[in-house]
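Asker: Go ahead and model the full structure; you've got the sequences and the hints to work with.
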Amino acid sequence: MHLFYLPRREAITLAVFALVVLTMPVWLVPFGAAYPGLMQKFAIFAIFAVGYNILFGLTGYLSFGHAAFLGVGSYTAVWSFKLMTMNVIPAMIFAVVVAGLFALVIGFVSLRRSGIYFAILTLAFAQMCYNLAYSVLTPITNGETALQLTMNDPRVLDLMFVEREAGLPSPSLLGQAMTGIEAFYLVAVVLLIAFYVAQKIFVSPFGMMLRAIKSNQTRMHYTGFNTRPYALTAFVISGMYAGLAGALLAATDPLAGAERMQWTASGEVVLMTILGGVGTLIGPIVGAWLIKYFENIFSGFNDAMLHRTFSWLPDGVQDVVVSVASRFVGEGWHLSLGLIFVLVVVFLPGGVMEGVRRIASLFGKRREPGGDGALKTIPAE
Amino acid sequence: MTDTPGNVVLHVADVHKRFGGLHALADIDLQVEEGQTHAIIGPNGAGKSTLLNVIIGKLAPTSGAVVFDGNVLTGRKPYEINQLGISRVFQTPEIFTDLSVLHNVMIPALARRDGAYKLNMLRALTKETAIRAEAEAMLEDVGMIASRDMLAGSLSRGDKRRMELAMCLIQHPRLLLLDEPTAGMSRHDTNTTIELLKKIKSRGMTKVIIEHDMHVVFSLADKISVLAQGRIIADGSPDQVRGNPKVQEAYLGGTH
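If you read the protein sequences in the order shown, they are chains C and Y.
Add 1 to the 1-based position in the first sequence for this note's numbering, that's all there is to it.
Add 43 to the 1-based position in the second sequence for this note's numbering, that's all there is to it.
Just so you know, the hints here were simulated from the structure itself, not pulled from any lab data.
Think of the CB as a built atom: it goes at the ideal place given N, C-alpha and C, for glycine as much as any other residue.
Accuracy of the hints is not assured; some may be wrong.
To be verified - Residues from chain Y that face chain C, not an exhaustive set, calculated with beta carbons under 7 Å:
hint, residue
1, P151
2, A154
3, Y160
4, R166
What the hints assert, rightly or not - Here are the simulated DSSO-like pairs of lysine-lysine, each with C-alpha atoms no more than 30 Å apart in a straight line:
hint, chain 1, residue 1, chain 2, residue 2
5, Y, K170, C, K201
6, Y, K161, C, K201
7, Y, K101, C, K215
8, Y, K242, Y, K266
9, C, K215, Y, K161
10, Y, K244, Y, K266
Answerer: This is the structure we're talking about:
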């Protein structure tokens with residue numbers, strides 16, 4: 002039973018989270034974000050962020066190169082589609098394994114240093130991977146045109162059973178083509194599994210060791226721990242999560258380009274994690290959703306929509322408001338995101354989750370006079 | 044390699060340490076016997092910290108060797124030395140400030156059980172009932188059970204030291220190294236720390252204490268070695284050392 006056990010609080014979190022994810026097509030409607038393509042992205046980048054947080058949130062090692070593993074996962078998945086089968090399961094497995102191997106090598110070298118030097122090393126490796134993909138390894142990655150499916154891919158496993166059909170096939174699971182809402186549910190289920198695994202790590206002794214490494218590495222050494230393999234394990238696990246996210250990107254849209262590995266993509270997952278709340282389970286997911294929402298919805302706003310929104314204002318004022326606001330939407334969505342990021346980091350260093358905690362404790366105080374949570378006894382499991 | 048008599052746990056054999064032209068340690072020969080509390084005292088700059096760093100392998104001696112229970116410590120990594128059975132208390136408590144007191148004490152217990160690395164990922168921490176019970180008993184022992192769910196970083200200096208001691212004691216080390224355990228503490232915290240050290244003294248654990256505060260040492264030690272200018276100038280029981288004129292001159296005379 003140890004294998005699947007979760008403490009009660011975590012089990013409840015998982016159940017609520019599952020409900021939230023699976024009902025996305027409903028509750029995202031008022032936000033204008035309930036279309037499958039975007040919801041797939043929400044789920045995929047949540048996986049990326051959850052995995053990244055296992056490294057950054059628990060051990061404190063700030064990697065600036067995790068997009069490399071995402072890209073490796075995408076390329077591996079597309080090659081699995083091309084050479085073997087359009088089934089998404091083997092593609093995901095290969096992507097996780099190959100990304101894990103990349104993470105093992107890069108992590109092994111990078112973890113010889115810590116702090117800023119570690120960050121720079123991971124950045125350097127990721128840029129190397131990007132350049133390899135973009136130009137050097139074009140036979141494997143197809144360079145700037147991006148790796149795509151073609152009509153005469155071997156697909157040995159598929160073609161053993163089925164005749165080649167006209168038109169490009171799409172990734173599938175048990176004969177069901179993975180497009181639109183079906184693809185969203187596939188990705189959502191994978192996200193829930195990934196979330197559950199992360200929860201297992203968070204509540205395990207291994208997870209506590211990772212937190213202890215972040216807290217005081219010297220004490221860890223003098224307590225008898227060899228910290229490097231612990232950090233390396235965390236690095237590889239987070240690389241595998243990134244590979245899985247990359248495979249799912251390829252599964253929902255079977256094409257892999259080098260830009261997925263660029264340093265801006267690595268930076269994005271750092272932003273997601275910090276924005277949502279470093280070291281919390283839910284935080285990075287909230288961060289990922291906020292950033293993807295801004296990128297896809299805010300960027301779609303235009304002047305006409307703003308005029309409609311502010312139509313209740315008198316004409317002159319309306320024009321001024323719209324011209325100011327238009328700087329922050331559409332092309333300018335980065336500006337709003339940057340502002341939010343600055344505000345969060347300055348006023349809520351623990352990210353959105355710290356905000357949630359503060360609000361919760363405001364309400365909690367009333368019920369629990371003098372509620373010093375730290376002194377409460379832990380209920381028996 | 045070095046011939047160690049049966050009851051000597053730690054043998055510092057002919058250790059010299061030079062930093063450039065400075066002879067920081069010269070001709071140090073120390074034998075720490077099983078079950079004893081051995082204090083190394085000396086005025087500031089006498090080489091106490093250098094000696095401790097040589098013992099725990101942080102500094103390599105220019106010549107000589109440190110042998111613990113038949114194992115040469117020189118050149119080993121801190122975690123290997125700990126796994127051999129040596130725990131260390133630092134001058135400034137080294138603790139996990141953003142973990143709870145209970146977790147701080149559970150971690151060393153896990154290090155003893157699981158070794159230097161174990162991928163213990165499938166089991167929940169809350170199911171580690173044996174380790175948890177052990178940690179709670181240890182906290183009870185040092186009188187800190189009430190603060191077990193507090194963040195370690197929010198403890199007072201004296202409580203941090205007590206907790207760090209608990210973190211070392213739970214490993215049941217064969218040798219406990221204490222580097223100025225009362226440095227920078229208020230009188231009250233110093234006294235509670237001394238009381239605690241006296242309490243654990245009866246357990247027969249071998250201890251090496253580095254101290255410059257004579258008051259702390261004379262009430263605790265079975266044997267004292269006095270270090271001055273990198274050399275051991277006196278060696279013996281507290282009474283022998285107290286009466287030694289060389290100590291009076293070099294140590295007591297030197298400070299004032």
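Asker: So, against the hints stated earlier in the document, which numbers end up violated here?
Answerer: none
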